[in-house]
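Asks: Dock the two chains into a complex; use the hints.
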Amino acid sequence: MVTVEFLGPIGKEPIQLDITNLLELSQKLKEDESLKEWLECSAVAINDKIVASKDHPLQDGDKISLLPPVCGG
Amino acid sequence: MLELYEGALDVPEILKRWYEEEAKSNYGAFIPFVGTVRAENGIEGLSFDIYEPILTNWFDAWQAEAKKRGALLKMAHSKGDVLLHQSSYIAAVFSPKRRVALETIEEFVEDFKASAPIWKYDLKNGERIYAKERSTAIKGSGILS
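Chains as they are written, first to last, in our numbering: chain W, 1 to 73; chain B, 1 to 145.
Isolated chain B, as found in the complex (with noise of 0.2 Å):
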């Protein structure tokens, strides 16, 4: 269950709608993070490229690993811009017992930061900035240097 967005993630809706969706399937636990848009270093906001493929192809594969452990995932997440103290991200899981679930929304995001194909840019001065510093080389970058 990956969702994207044009623009900034209606939280309550969403959290609202997930809750609803699993509230008869048996879940013991649901643990959701929600990413929100702080004010810091003069930014008006922020803005996101995704590529699709590939973020589809790593949501399945983590969905099939949730699975193994009896959990699920959904993910919301925002294209373009998102202004201050609105959401771009929302992650959750679900499972039998809290542990599991503890474990893996912590496993989830994690690799998203670090392996998930989104660019952050800053908004500011009418500009859009990439975020270069505060982005991590996908895991085997380099090899056509």
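Next up, chain W with everything else stripped away, as it sits in the complex (with noise of 0.2 Å):
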């Protein structure tokens, strides 16, 4: 089981899912229409690691963060 959450103006609560890769959640997260804006300009983060391919296992208890478009200052 790994914990999904979504950050900033994103605004959905986390949720657990029981998959073992970032295609499987990919796809997951393409069920739900109001994550489709999201998914096409949010950065994935396992562990509070930014990754950059989808071709990324999953272990029992990770943690998957979607970050959406910055601007701090």
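Heads up, none of these hints are tricks.
Calculated cross-link-like contacts (lysine to any residue; reagent style SDA-like; alpha-carbon spacing at most 20 Å):
1) B/Lys97 - B/Gln63
2) W/Lys36 - B/Ile143
3) W/Lys12 - B/Gly142
4) B/Lys113 - W/Ile50
5) W/Lys49 - B/Leu2
6) B/Lys139 - W/His56
7) W/Lys49 - B/Glu65
8) B/Lys24 - B/Ile14
9) W/Lys36 - B/Gly142
10) B/Lys139 - W/Ile50
11) W/Lys49 - B/Asp60
12) W/Lys49 - B/Ser145
13) W/Lys28 - B/Gly142
14) W/Lys49 - B/Ile50
15) B/Lys132 - W/Cys41
16) B/Lys79 - W/Phe6
17) W/Lys54 - B/Ile143
18) W/Lys12 - W/Leu22
19) W/Lys12 - B/Ala131
20) B/Lys139 - W/Leu22
21) W/Lys12 - B/Glu52
22) W/Lys63 - B/Ser145
23) B/Lys113 - B/Ala137
24) W/Lys49 - B/Asp111
25) W/Lys36 - B/Lys132
26) B/Lys68 - B/Glu103
27) B/Lys132 - W/Glu37
28) W/Lys36 - W/Lys54
29) B/Lys113 - W/Cys41
30) B/Lys132 - W/Leu35
31) W/Lys36 - B/Gly140
32) W/Lys49 - B/Thr136
33) B/Lys79 - B/Lys113
34) W/Lys63 - B/Gly142
35) B/Lys132 - W/Gly11
36) B/Lys132 - W/Glu33
37) W/Lys63 - W/Ser26
38) B/Lys124 - W/Gly11
Don't read these hints as lab results, they were simulated from the structure.
Replies: This is the structure we're talking about:
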């Protein structure tokens, strides 16, 4: 089981999913119409490290974060 | 040295303290950058969300890079609401010589805008509106689409 959290303006509560890689996560999240615009522009972190590719295995207990476009300052 | 505050920054206190902390460290140059909320587009202020674990990792990586250059970075940022003419962001670099300080502050602030996990909202008519058009997608975004 992994936890998926949606940061900043996405405004969605964390969810728990029984998945083993990011490809499965992508398929799962695409089922949610409200996330469509966010998936295109969000970065993905696994356990607080941003990853560059979808070919990434997931371990039980991993935390995945979706980071939409940023603007500090 | 990363400092996060609820609401607006106390700019004179922070700059004075940072100056005094390094006054005897033998740095020849100290360059602070202060970001202040301007009145534009009818906003009443700005508001910020921060994801601290990744911000801390990002800052620590930059501090390591600055150290290689013989420099030191300090940064302060607001969480929550910051009203017009108040400040939400201070970045500062200390280094032995001016050239490294000038180059480092520019690269640091530019990468901050592109990569730091902070989300900005306009405060307008009592609402908190995500500043989507002014935001930048982090490098590597879109892998789930």
